[in-house]
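**Student:** Using the sequences and the hints, build the whole thing.
Residue numbers (my numbering), protein chains in the order written: chain A, 1 to 363; chain B, 1 to 454.
Hints listed in this document are in silico derivations from the structure and should not be mistaken for laboratory results. Accuracy of the hints is not assured; some may be wrong.
Derived CB-CB ranges, DEER-like [to be verified]: (1) K448/B / E309/A: 23 to 31 Å; (2) E279/A / F248/B: 52 to 60 Å; (3) V103/A / I315/B: 34 to 42 Å.
Cross-link-like lysine-lysine pairs, in silico, DSS-like; alpha carbons within 30 Å at most [stated by the list, open to error]: (4) K328/A / K227/B; (5) K245/A / K411/B; (6) K50/B / K107/B.
Here a beta-carbon is modelled for each residue, glycine too, at the ideal position from N, C-alpha and C.
What follows is each chain in one-letter form.
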Amino acid sequence: MKKLIYIFAVFVLVAACSESDDSNDNGVVDNYNRAAMQTNLADNIIIPSLESFKTSLETFSDANSTFVASPDQVNLDNLRAAWLDAYKKWQLVEPFDIGQAEVIGYRNQMNIYPTDVDNIESNIENGNYDLTHDNNNDAVGFPALDYMLYGLADSDTELLNKYQDVKYITYLTDLIEAMSMITEEVLTDWTTNYRSLFVSSTNNTLTSAVNKFINDYIFYFEKGLRANKIGIPAGVFSTNPLSEKAEAIYNGSNSRDLAILALDNAQNIFNGKTSINSEIGEGFYSYLVQLGRTDLATLINTRIDDAREKILLLNQDLKTQVEIDNTKMNEAYDALQLVVVSLKVDMLQAFDVSVDYQDADGD
Amino acid sequence: MNFSFKTYLNKTTDAATLAVFRIGFGVMMCYGIIRFWAKDWIDTVYLQPKFHFKYYGFEWVHVLGNYTYLLFLICGLSAIFVAIGYKYRLAIITFFISFTYIELMDKTVYLNHYYFISILSFLMIFLPANAYFSLDNYKSKKAFNTMPKWCVDSIKLLLGIVYFYAGLAKINSDWLFRAQPLKIWLPSKYDLPFIGETVMQQEWFHFAMSWSGMLYDLLIPFFLLYKRTRFVAFLFVIFFHVFTRVLFPIGMFPFVMIVSAIIFFDATIHHKILNKIKSLLGFISAKAKPIQYKQVYAVRYSKLILPIIGLFFAIQLLFPFRYLLYPGELFWTEEGYRLSWRVMLMEKMGNTTFKIVDKNGNSFLVNNSDFLTPLQEKQMSSQPDFILEYAHYLGDHFSSQGHKGVEVYAKSYVALNGRLSQLFVDESVNLYQEKESFKHKDWILPFKDEIKGL
Chain A
1 MKKLIYIFAV FVLVAACSES DDSNDNGVVD NYNRAAMQTN LADNIIIPSL
51 ESFKTSLETF SDANSTFVAS PDQVNLDNLR AAWLDAYKKW QLVEPFDIGQ
101 AEVIGYRNQM NIYPTDVDNI ESNIENGNYD LTHDNNNDAV GFPALDYMLY
151 GLADSDTELL NKYQDVKYIT YLTDLIEAMS MITEEVLTDW TTNYRSLFVS
201 STNNTLTSAV NKFINDYIFY FEKGLRANKI GIPAGVFSTN PLSEKAEAIY
251 NGSNSRDLAI LALDNAQNIF NGKTSINSEI GEGFYSYLVQ LGRTDLATLI
301 NTRIDDAREK ILLLNQDLKT QVEIDNTKMN EAYDALQLVV VSLKVDMLQA
351 FDVSVDYQDA DGD
Chain B
1 MNFSFKTYLN KTTDAATLAV FRIGFGVMMC YGIIRFWAKD WIDTVYLQPK
51 FHFKYYGFEW VHVLGNYTYL LFLICGLSAI FVAIGYKYRL AIITFFISFT
101 YIELMDKTVY LNHYYFISIL SFLMIFLPAN AYFSLDNYKS KKAFNTMPKW
151 CVDSIKLLLG IVYFYAGLAK INSDWLFRAQ PLKIWLPSKY DLPFIGETVM
201 QQEWFHFAMS WSGMLYDLLI PFFLLYKRTR FVAFLFVIFF HVFTRVLFPI
251 GMFPFVMIVS AIIFFDATIH HKILNKIKSL LGFISAKAKP IQYKQVYAVR
301 YSKLILPIIG LFFAIQLLFP FRYLLYPGEL FWTEEGYRLS WRVMLMEKMG
351 NTTFKIVDKN GNSFLVNNSD FLTPLQEKQM SSQPDFILEY AHYLGDHFSS
401 QGHKGVEVYA KSYVALNGRL SQLFVDESVN LYQEKESFKH KDWILPFKDE
451 IKGL
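**Tutor:** Listed below in C-alpha cells is the structure:
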C-alpha cells in the first residue's frame with residue numbers, strides 16, 4: 001500500500017503548485033529592505049533633525065547670554081523668539097526615544113508638561129538642584145522655560161524685574177545649559193555609535209532597532225501626540241477638561257502650531273520624507289506598499305490629513321480652545337484616535353513585528 | 001453490530017504501549033511545569049495582574065496568591081508520579097484537577113494544547129496505564145501483559161480527533177484561497193537562515209503551506225493508523241511539528257504531539273523503549289523482587305467506565321460544531337471558537353477603548369494599562385467575551401469609587417487576517433447592562449466580509 005504514500009505526496013505537490021488567482025491582494029513579499037528604511041530614517045530624518053535642533057539651541061543659548069548681560073525688553077523678545085524656534089524644532093526630535101535618548105530619559109528632561117511651578121520656584125529659592133534628576137523632570141525643559149519666559153509675572157515689566165534677582169538668571173541659564181548638554185550627548189551618540197547599530201539591527205526580535213523604532217513611533221503617536229497634546233487637556237481621560245495641561249500655556253499662542261508640527265513630522269516619518277515637500281522615501285509607507293497593503297498605506301495618510309484639518313480648526317492656543325469650545329478638541333482627538341487604530345491594529349498586523357507583550361506561548 | 005462491538009471490547013493489546021505513553025506524558029508534563037515556572041510565568045501571568053479573565057461558569061476559580069506556586073508544585077509532582085506509575089490513579093486524578101484548575105484561573109493564556117492536556121489527563125484517569133512497568137507493579141508484585149484494546153485505542157481516537165478537527169477548521173476560504181494568516185506570518189520570519197529571505201517570501205509557498213497543513217491535519221491520523229504508512233507518517237509528524245516550532249512560539253505543543261504519536265506504533269517498539277529504560281535503570285531493576293505477570297488486565301467497573309468514555313467522545317465529536325448554533329462569522333464573533341481545535345487559524349488584532357459615563361452625563365475614557373497587563377489587553381481587544389467581562393469589571397470598579405449610575409461603552413476596532421480594521425462592537429450599547437451567557441451577543445457588529453467554509 002505504498003500507493004497511499006504516493007497519493008499523499010502527490011496531494012502535497014499539487015497543493016504546493018496550486019496558486020490561487022482568487023487573491024486580490026497583490027503578490028505579498030516581504031523582501032522589504034529594512035536596512036534601507038533604517039538608513040533613510042537615520043541619515044535623512046533623525047540625525048538632520050537633531051542637528052538642526054542643536055543649532056537652534058545654540059542660537060537660543062546665545063540669545064540667553066545677551067539677555068543675561070542686559071535683561072531688557074528687546075533681549076527678552078529675542079530670547080522668546082529663539083525659545084519658540086527651538087521648541088518647534090524639538091517637535092521633530094521628540095519621537096526618537098531610542099538609543100542614548102532612551103538611556104538618559106531625554107524626552108522626560110525636555111518636554112514634561114504641565115510644568116510644576118512650585119518645584120521650579122523652590123529650586124530657584126534653594127539654588128541647590130540636580131536638573132537631571134527624575135524629581136526635576138517637571139521643572140526643566142521647554143515647559144519650565146515657558147514659565148520662566150512668559151509666566152513669572154503678569155506683565156513684561158514685572159517679569160523683567162524678576163531677572164534683577166541673580167537666582168532667576170542662574171536657573172534660566174542652567175535650564176538651557178542642561179538641555180544643550182543632553183542634546184549634544186544624544187546627537188554625538190547617534191553619529192559616533194548608535195547609527196551603525198540602528199541601520200543594521202533589522203531582525204524581527206523584541207529588541208531589534210527596527211522593531212523598537214516601530215513600537216516607539218506608535219507609542220509616540222498615541223501618547224506624546226494624541227494624548228498629551230490633545231486628549232488630556234480636552235479631558236478625554238478625566239471627568240472634566242484639564243486645560244492647564246496643554247502645551248506652552250504661558251506663551252499662550254503656539255500650542256496648535258506645535259501640535260501641527262508634531263503631526264507633520266509623524267507623517268513625514270511614516271512616509272520616509274525629509275520634509276513635507278520631499279519625495280516619499282523608504283519608510284513605513286513604502287514597506288506597506290511592498291507588503292501589498294497600499295490600501296492601508298493610503299488610508300493612514302488620509303486619516304492623518306483628516307486629523308490635521310481638525311487641528312487646524314482649533315484656536316492657536318489649545319488651552320483657550322478647551323475653555324471656549326471643547327467639542328472641537330474632542331473631534332480632533334477622535335480623528336487622531338483613528339490614526340492610532342490604523343497604526344496599532346492594521347499596520348502592526350501587516351508588519352507582524354514582535355511586540356513587547358510579555359513572553360508567552362501561542363498556539 | 002452489538003455482537004461485533006462486544007467482540008471489540010474483548011480484544012486485547014500489549015500493555016507496554018500504554019506504559020510508554022504514560023511515561024512520556026508524565027515526563028513531558030513535569031518538564032512543562034518546570035519550564036513555565038523557570039520562565040517566571042507563574043508570576044507574570046497569574047500573580048501580577050489585578051484582574052483575571054474567567055471562563056463562563058468558572059468564575060469561582062481564583063488565583064491562590066503565593067499558594068499558586070504550591071499548586072504548580074503539586075501538579076509537577078503528580079506528573080512525576082504518573083511517569084513512574086506510583087499510586088497512578090491518585091496521581092493522574094491529582095494531575096487532572098491541579099492542571100485544569102491552573103488553566104481555569106485565567107483564560108487570557110488559553111491554548112488548545114492546554115485543553116488537550118486537560119481532557120487527555122481526564123481520559124487517562126479511566127485507563128490502566130500502570131498495569132505494566134510501573135512502581136505500582138513493583139509494590140503489588142503484580143503486572144499485566146495485556147489489557148483491553150479500547151484502552152489504547154481511546155487515546156489514539158482522541159489524538160485523531162485533535163488532528164482531524166484541526167484539519168476541518170482549515171477548510172475555509174481565508175486559509176485555502178487567501179493563504180491567510182500564513183501570508184502575514186511567514187514573510188515576517190525573514191530572519192531564518194536560508195529560507196527566511198527566499199521561500200518564506202514567496203506567495204506560492206504560503207499557499208503550499210496552507211494546503212499541505214490542511215491535508216496533513218486531515219490525513220495524518222489515518223496514515224499513522226495504517227501499518228504500512230506509519231513510519232513515513234511519523235517522519236512527517238516530526239518534520240511538521242519541528243518546522244512549526246521553528247516558525248512560531250508554540251512552546252511544548254510540538255513535542256507533546258511527537259511523543260504522543262509514538263502510541264500508534266507496534267508494541268515491539270514500546271518494548272524496545274522500555275528495555276532501554278530498564279537498562280538505564282539497571283542497578284535498580286536488578287534489586288527488584290520478582291513480579292508475577294498475569295495475562296489480561298480486567299478493567300474494574302467497566303459497566304460504569306465504558307459509558308463515561310462513550311459520553312466523553314460523543315461530547316468531543318459534537319462540541320467543536322457548537323458554533324453552528326450561532327449566527328455570524330465564527331472568526332469574528334468567536335462564539336464557539338475555543339475548545340474546538342482551531343489552531344493558528346487567524347491573525348486578529350484589536351484596539352478597544354472604554355468610556356465610563358455616570359448619571360450626570362460626565363464621561364471619560366479608561367487607560368487600559370491601568371488595569372490590564374499588555375498580554376491581557378491584547379487578548380481583550382479582539383474577543384467579545386473578554387470585552388464584556390472587562391466592561392463589568394470597570395463598571396464595578398468605578399461604581400465602588402463613588403461614581404453613580406455608571407454606564408460602560410466600548411469603542412473597538414478589529415482587523416482580521418489582513419483586512420482593514422472595522423468597528424467591532426456597537427458603541428451605543430451599555431455593556432455594563434449586558435449579561436454573559438451562551439446566547440449570541442447581539443452587540444457584536446456584523447463582519448463586513450465573508451469567509452466561506454467549515
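**Student:** Going through the earlier hints one by one, which of them does the structure break, listed in rising order?
**Tutor:** Numbers 2, 3 and 4, in rising order.
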